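**Student:** Sequence:
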Amino acid sequence: MFTLRLFLFAALAFAAAGAQAMSIRELRTLEANEKDGKIYANYYLVGVMEGLREASDADQRAGLKPHFCINGRKFEPAMARSLYQTELTRNADNYEADMPVQLVLASALRNSYRCSP
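In our numbering, the protein residues as written are 2 to 118.
Calculated directly from the structure, the hints in this document are not laboratory data. Since the model is a prediction, treat every value here as computed from it, not as a measurement. Mixed in with the good hints there might be a few duds.
[To be verified] The calculated lysine to aspartate or glutamate pairs, modelled on EDC-like cross-linking and capped at a C-alpha distance of 20 angstroms, are:
id, residue 1, residue 2
1, K66, D94
2, K39, E55
3, K75, D99
4, K36, E51
5, K39, D94
6, K39, E51
7, K75, E27
8, K39, D58
9, K66, E51
[What the hints assert, rightly or not] Just the calculated beta-carbon pair ranges, DEER-fashion:
id, residue 1, residue 2, range
10, C116, R91, 13 to 21 angstroms
11, A93, A59, 14 to 22 angstroms
12, A59, K39, 26 to 34 angstroms
13, K36, N112, 21 to 29 angstroms
Virtual Cβ for every residue (Gly too), placed ideally from N, Cα, C.
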């Protein structure tokens, strides 16, 4: 049931944004200005993380190199926020406020779930 709600929220978020990626600035604004902004932002981050996982899995199924490799390690929706925040903190100089959240999470996943050569 949680996955269905998450999918619906992500679909609504993309539809409302005209299928444009949310920027770091927009995510921060959502968290700060909306009553349930932090909750919405967390759902958005989980949706982005799950979308990136599916894209990587699809590439792997197509015979391409995956973007990151889970290899049986812990990978749960509740980890999306910490992965995002850790990446922003570690590499703060690499990101500007108008860059997409997806870029940050994609880098976080590549750094946290490296593929063996």
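**Student:** Would you list, in rising numerical order, the hints stated earlier that this structure does not obey?
**Tutor:** Hints 1, 2, 3, 4, 5, 7, 8, 11 and 13 are the ones this structure does not satisfy, whereas the remaining hints hold.
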